[in-house]
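As given, the protein sequences belong to chains A and B, one line each in that order.
Sequential numbering of the first sequence, starting at 10, is according to our numbering.
Sequential numbering of the second sequence, starting at 203, is according to our numbering.
Errors might be hidden in some of the hints.
[To be verified] Among chain A residues calculated to face chain B with C-beta under 7 Å, some are: (1) GLU65; (2) ASN72; (3) LYS82.
[To be verified] Restricting the straight-line Cα-Cα distance to at most 30 Å, the calculated cross-link-like pairs of lysine-lysine (DSSO-like) are: (4) A:LYS228 with A:LYS241; (5) A:LYS238 with A:LYS170; (6) A:LYS14 with A:LYS241; (7) A:LYS189 with A:LYS210; (8) A:LYS241 with A:LYS162; (9) B:LYS445 with A:LYS210; (10) A:LYS274 with A:LYS359; (11) B:LYS429 with B:LYS416; (12) A:LYS210 with B:LYS368; (13) B:LYS407 with A:LYS228; (14) B:LYS420 with B:LYS239; (15) B:LYS239 with A:LYS210; (16) A:LYS228 with B:LYS413; (17) B:LYS413 with B:LYS426; (18) B:LYS413 with A:LYS210; (19) A:LYS238 with A:LYS274; (20) B:LYS386 with B:LYS407; (21) A:LYS210 with B:LYS416; (22) A:LYS359 with A:LYS282; (23) A:LYS210 with B:LYS236; (24) B:LYS415 with A:LYS210; (25) B:LYS420 with A:LYS210; (26) A:LYS274 with A:LYS241; (27) A:LYS239 with A:LYS359; (28) A:LYS308 with A:LYS359; (29) B:LYS445 with B:LYS420; (30) A:LYS331 with A:LYS359; (31) B:LYS234 with A:LYS210; (32) B:LYS416 with B:LYS368; (33) B:LYS429 with A:LYS210; (34) B:LYS368 with B:LYS445.
Read the hints as simulated data drawn from the structure, not as lab findings.
Virtual Cβ for every residue (Gly too), placed ideally from N, Cα, C.
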Amino acid sequence: MSELKLMKGNEALAEAAIRAGCDAYFGYPITPQSEVLEYLSREAEARTGMTVLQAESEIASINMVYGAAGTGKKIMTSSSSPGISLMQEGISYIACAELPCLIVNVNRGGPGLGTIQPAQSDYFQSVKGGGHGDYRLIVLAPSTVQEMSDFVKLSFELAFKYRNPVMILTDGALGQMMEKVEFFEQQPREDIITGWETIGKPDDRPSNVITSLHIQPDKMEQINIHLQKKYKEIEENEIRVEMIDCEDADYIITGYGLVARICQKAAQMAREKGLKVGVIRPITLFPFPYETYFNIADKVKGILDVEMNAGQMVEDVTLAVKGKIPVEFYGRMGGMVPTPEEILEALEQKIIGGAK
Amino acid sequence: MNEKALIDDEHYENTTLRDTTVIQPENIVYEKPKTLKDADFHYCPGCAHSVVHRLIAEVIEEMGIQSEVIGVAPVGCAVFAYNYLDVDMTEAAHGRASAVATGIKRVLPDKYVFSYQGDGDLAAIGTGETIHTCNRGENILFIFINNGIYGMTGGQMAPTTLPGMKSTTSPFGRDVSTMGNPLKITELIAALPGTYYVTRQAVFKPGLVRKTKKAIQKGFELQKDKKGTCFIEVVANCPSNWKMTPLESNHWLEENMLPFYQLGDIKTPNGSNN
Ligand SMILES: Cc1ncc(C[n+]2csc(CCOP(=O)(O)OP(=O)(O)O)c2C)c(N)n1
Ligand code: SF4
Ligand SMILES: [Mg+2]
Chain A
10 MSELKLMKGN EALAEAAIRA GCDAYFGYPI TPQSEVLEYL SREAEARTGM TVLQAESEIA
70 SINMVYGAAG TGKKIMTSSS SPGISLMQEG ISYIACAELP CLIVNVNRGG PGLGTIQPAQ
130 SDYFQSVKGG GHGDYRLIVL APSTVQEMSD FVKLSFELAF KYRNPVMILT DGALGQMMEK
190 VEFFEQQPRE DIITGWETIG KPDDRPSNVI TSLHIQPDKM EQINIHLQKK YKEIEENEIR
250 VEMIDCEDAD YIITGYGLVA RICQKAAQMA REKGLKVGVI RPITLFPFPY ETYFNIADKV
310 KGILDVEMNA GQMVEDVTLA VKGKIPVEFY GRMGGMVPTP EEILEALEQK IIGGAK
Chain B
203 MNEKALIDDE HYENTTLRDT TVIQPENIVY EKPKTLKDAD FHYCPGCAHS VVHRLIAEVI
263 EEMGIQSEVI GVAPVGCAVF AYNYLDVDMT EAAHGRASAV ATGIKRVLPD KYVFSYQGDG
323 DLAAIGTGET IHTCNRGENI LFIFINNGIY GMTGGQMAPT TLPGMKSTTS PFGRDVSTMG
383 NPLKITELIA ALPGTYYVTR QAVFKPGLVR KTKKAIQKGF ELQKDKKGTC FIEVVANCPS
443 NWKMTPLESN HWLEENMLPF YQLGDIKTPN GSNN
């Protein structure tokens, strides 16, 4: 039986982790996502026996995740931008060792210590690898509190399907705001042992080793080729994108996460003025829906990309349309959130004005 | 060890040098533990790492716990520990082995979990993880190889390098006024309530080898109590980077390392210290 509740995004995400049958959470407090650790500390152990541990740092958290994920259990951590920067070495190890796990990044404004207000300035460090080496996380971008819950379950499914770390990339506003959310049913905590896990070596198999070290370059190249093949497969199978009022659109506004909702409002206002505007919202940032943009470029006159940063996803949108139509950018930075009015004005000036 | 040397050949597949025909079952008085893989150690001749690996394997075999053990390898000369120890293992990032071991132990509390770390790994880059793992009293076993040097990267100064001792980054000897004093991390963590059994051993003499083996066995056995962290420091040699023969390095260790890093139990479950 599903339940309807009014909840903060961070708490909905934590509740969903318990319900998804997550086995352990390791984390370190940082605003604007500390509610995840707090909620789990209160609720998790008594309800499902889930382990919750406050580590001494994000470096320790991600390495605890690495160790625990190697046992084949459902493991997660969460943090916000500066903490994610600290985790990057560990994430690189996890990606190379192909361990399933969930990492949540509740993005705040930077660079540096920055601000605790929402931002999308971690698009690059989340979507393009982030740490050293060629690797990718599967990155999901929720735009509602409902999706903060739903994507936890989806993340674990994808993480285990591809033996790849998954990141939920959200922001301080979604983490903090309250909305109604309908929860999925409690899933059992169960071990699905498929053979690669480090859980103790029985007599009938060789020892399992989790490592990212392949010191001979030809072997390391083979590991890279294998990873790239897997990422290709993910690109072929897992693209998720929402298209709103795009059928008759002359112009597109695009953005991910919370911004996509503000874009929707701006598109609505545009339609009231007689302008046919649609919205494209990528749900998976890796894999990125390049084809969606490429195809729509034959039907529309221009795309306005809106982000809470200095312009990061816009590089992918620009790549996607291959020069067929103009792509312009509008962004706010440092924790500022764009208004629908600002977006409409930018659309009129940069795209509609420019396309005449 | 030299990282580059490992790239050269099919090191681990090379078993052609072993001639099994001369070994008859009735002649065998000493064998490789079954918990050691059939691979030649990459360690330099006379290096303490190989001795300690063997002891861990012997203890695991004798306790009959091979299927219950998960080990964590460091970044350091022992990075390939999983090529020798025939147990499930995870290779951690530099310094993070005890956080990785914490993650494993927290989700598999009834398994035996150990981390194997060098002095740079455990007492420099991983100091935070070491202290907090011990402070939480994680029910894991640390095996800490203190050779006073960064072996793997070619002999740079370690946090444990003795005053006046030369390394490639203290070429005129460690000057404590600018480089700090050697860190006795073992005494430091022994002061934490979370640690249960803390001892310092060495393996350069047969009697000491037997003592170290006993300590390792105790470290594994005490995990069953779930009463805190077990921590075994092994004062070790690094003949290659100390620029000595194995024998010279053992003498040097005895004369120079042991007065500073004194052997013996520092903390035991029944409270006795020495
Ligand atoms: C983040 C990071 N920094 C530096 C290194 C390079 N590095 C590899 S091993 C090592 C020191 C190892 O010394 P120690 O822990 O004493 O082990 P030993 O080789 O002496 O047994 C260093 C600095 C690394 N691999 N990763
Ligand atoms: S002697 Fe030194 S360099 Fe050689 S394997 Fe041992 S610790 Fe490493
Ligand atoms: Mg060393």
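Now the hints, each set against the structure:
no.	hint	in the structure
1	GLU65	4 Å, holds
2	ASN72	4 Å, holds
3	LYS82	5 Å, holds
4	A:LYS228 with A:LYS241	20 Å, holds
5	A:LYS238 with A:LYS170	14 Å, holds
6	A:LYS14 with A:LYS241	38 Å, violated
7	A:LYS189 with A:LYS210	46 Å, violated
8	A:LYS241 with A:LYS162	23 Å, holds
9	B:LYS445 with A:LYS210	39 Å, violated
10	A:LYS274 with A:LYS359	18 Å, holds
11	B:LYS429 with B:LYS416	19 Å, holds
12	A:LYS210 with B:LYS368	42 Å, violated
13	B:LYS407 with A:LYS228	39 Å, violated
14	B:LYS420 with B:LYS239	23 Å, holds
15	B:LYS239 with A:LYS210	13 Å, holds
16	A:LYS228 with B:LYS413	40 Å, violated
17	B:LYS413 with B:LYS426	21 Å, holds
18	B:LYS413 with A:LYS210	27 Å, holds
19	A:LYS238 with A:LYS274	39 Å, violated
20	B:LYS386 with B:LYS407	23 Å, holds
21	A:LYS210 with B:LYS416	24 Å, holds
22	A:LYS359 with A:LYS282	17 Å, holds
23	A:LYS210 with B:LYS236	13 Å, holds
24	B:LYS415 with A:LYS210	22 Å, holds
25	B:LYS420 with A:LYS210	21 Å, holds
26	A:LYS274 with A:LYS241	34 Å, violated
27	A:LYS239 with A:LYS359	39 Å, violated
28	A:LYS308 with A:LYS359	18 Å, holds
29	B:LYS445 with B:LYS420	34 Å, violated
30	A:LYS331 with A:LYS359	19 Å, holds
31	B:LYS234 with A:LYS210	19 Å, holds
32	B:LYS416 with B:LYS368	33 Å, violated
33	B:LYS429 with A:LYS210	25 Å, holds
34	B:LYS368 with B:LYS445	10 Å, holds
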